[in-house]
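**Student:** Use these hints to put chain B onto chain A, whose structure you have.
One line per chain: the protein sequences are A and B, in this order.
Residue numbering for the first sequence follows the working numbering, beginning at 25 and increasing consecutively.
Residue numbering for the second sequence follows the working numbering, beginning at 25 and increasing consecutively.
One should not assume that every hint holds.
Because identical chains share one entry, a pair is satisfied inside a single copy or across any pair of copies.
[Said to hold, decoys possible] Under the rule of at most 25 Å between Cα atoms (straight-line distance), these lysine to any residue pairs were calculated in the SDA-like manner:
1) K187 to P205
2) K216 to A189
3) K167 to C48
4) K60 to G70
What the hints contain is simulated information worked out from the structure, not anything from laboratory work.
There are 2 protein chains.
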Amino acid sequence: MEIAFFLYSGMTALDVIGPQEILCRLPGAIIRRVAKHTGPVKTDSGIELLAEYGFEQVPRADVLLVPGAGSATDMREEPDTLAWVRAVHATTTWTTSVCTGSLILGAAGILSGLKATTHWAARNRLQAYGAEPTCSRVVEAGKVVTAAGVSAGIDMALLLAAKLAGQMVAQGLQLAIEYDPAPPFDSGSPDKAPDAVVARVSTRLRASFQYPDAVPAATQ
Amino acid sequence: MEIAFFLYSGMTALDVIGPQEILCRLPGAIIRRVAKHTGPVKTDSGIELLAEYGFEQVPRADVLLVPGAGSATDMREEPDTLAWVRAVHATTTWTTSVCTGSLILGAAGILSGLKATTHWAARNRLQAYGAEPTCSRVVEAGKVVTAAGVSAGIDMALLLAAKLAGQMVAQGLQLAIEYDPAPPFDSGSPDKAPDAVVARVSTRLRASFQYPDAVPAATQ
Chain A
25 MEIAFFLYSG MTALDVIGPQ EILCRLPGAI IRRVAKHTGP VKTDSGIELL
75 AEYGFEQVPR ADVLLVPGAG SATDMREEPD TLAWVRAVHA TTTWTTSVCT
125 GSLILGAAGI LSGLKATTHW AARNRLQAYG AEPTCSRVVE AGKVVTAAGV
175 SAGIDMALLL AAKLAGQMVA QGLQLAIEYD PAPPFDSGSP DKAPDAVVAR
225 VSTRLRASFQ YPDAVPAATQ
Chain B
25 MEIAFFLYSG MTALDVIGPQ EILCRLPGAI IRRVAKHTGP VKTDSGIELL
75 AEYGFEQVPR ADVLLVPGAG SATDMREEPD TLAWVRAVHA TTTWTTSVCT
125 GSLILGAAGI LSGLKATTHW AARNRLQAYG AEPTCSRVVE AGKVVTAAGV
175 SAGIDMALLL AAKLAGQMVA QGLQLAIEYD PAPPFDSGSP DKAPDAVVAR
225 VSTRLRASFQ YPDAVPAATQ
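So here's chain A without its partners, still in its complex pose:
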């Protein structure tokens, strides 16, 4: 079972590392970190992740995961990336994204007519790709599974683990990474965080994403 993680400059490290921590432990899993060219890839938190494979070396995968990016590193207009994502998607059992990775799937034409999600501050960008924006943390539409912002990749990976290896294996992996969340605040979504926090983060993310209309649903 070949699982391809797409890496690109400016991506968010946790979008990949969260799911990888679960998926790499599935029976028979072979992880391939793939970028346009092999080599280190700088993420938006500064750490570099190594892409051991270039596009040409990985023409197919059982599972494809496309992470998001905290800034406007615009893979959505990069023809080679979109062509590779489309080609690999044609071979997958599951095509997945975390955070604004779904906008790359959208730009590749994969979300047309499908329910999908993305980071809350970018959710209204999905319509441009013919997708139906959905508020769920993880959205399944046929073989395409999209997750909400950054940390939602962990929840998505547990769902995938159950589909790929059964519920007991998925539960065991959740136990192994002791994923029994207890955040000190309940501010993880725009309808739960204080208004002042939502306003400030919206403004910052709008600037970062360069999406002038990325106002979260809760404040519209």
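**Tutor:** Below, chain B without anything else, positioned relative to chain A:
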């Protein structure tokens, strides 16, 4: 504000990447990934993380984070590591660990007489270092903050963010990474997972950790 992440061969990538995704975005944060020697460090999920600094280059830090390891990569018996951890701890505002990273703090003599936590399957190893094992997901004891297994580092980092930059900043970071957890199962701790899952994961982790007596509290 200098934040030092200790990297070592066999460590768990998410123990560092989860907290880093939050802490690197604090105002004035300077992240330093530190290993005994500079260079790539292989984690237990196969991905390499780059240590840009060696021990000698980072003699102090405002925050130190020591991650855990999925296998018995025994930093607890590595004199240079323990000496560096001790020396940096003497300079910190906060000394922290994720998962079995607390056993390294323990071996360095830092947990003596303190409440602390670690991965559930290793919790009874804390007593050997004079610590008082505690079941909470995040345990604060003076300036030493220990987190439970792997994913608990995210919760700990949000707590630290509030202490370092205030609650609104921490809430904003939680919102930015959309940390509004919704795992598909409720199996993240041994008292919640099905007995058969706990038994299987216990056996596997005992072998991996090489802790013959690492039976979780819930099954003792």
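**Student:** If a hint holds in the structure, say so; if it does not, say that too.
**Tutor:** Hint check:
1. K187 to P205: Both: 22 Å inside a chain and 19 Å across chains, each within 25 Å.
2. K216 to A189: So K216 and A189 pass the 25 Å test across copies only (20 Å; inside, 34 Å).
3. K167 to C48: Intra 20 Å, inter 35 Å, cutoff 25 Å: intra-copy only.
4. K60 to G70: Both ways: K60 and G70 sit 19 Å apart in one copy and 20 Å across, limit 25 Å.
Checked against the numbered hints given earlier, the structure satisfies every one of them.
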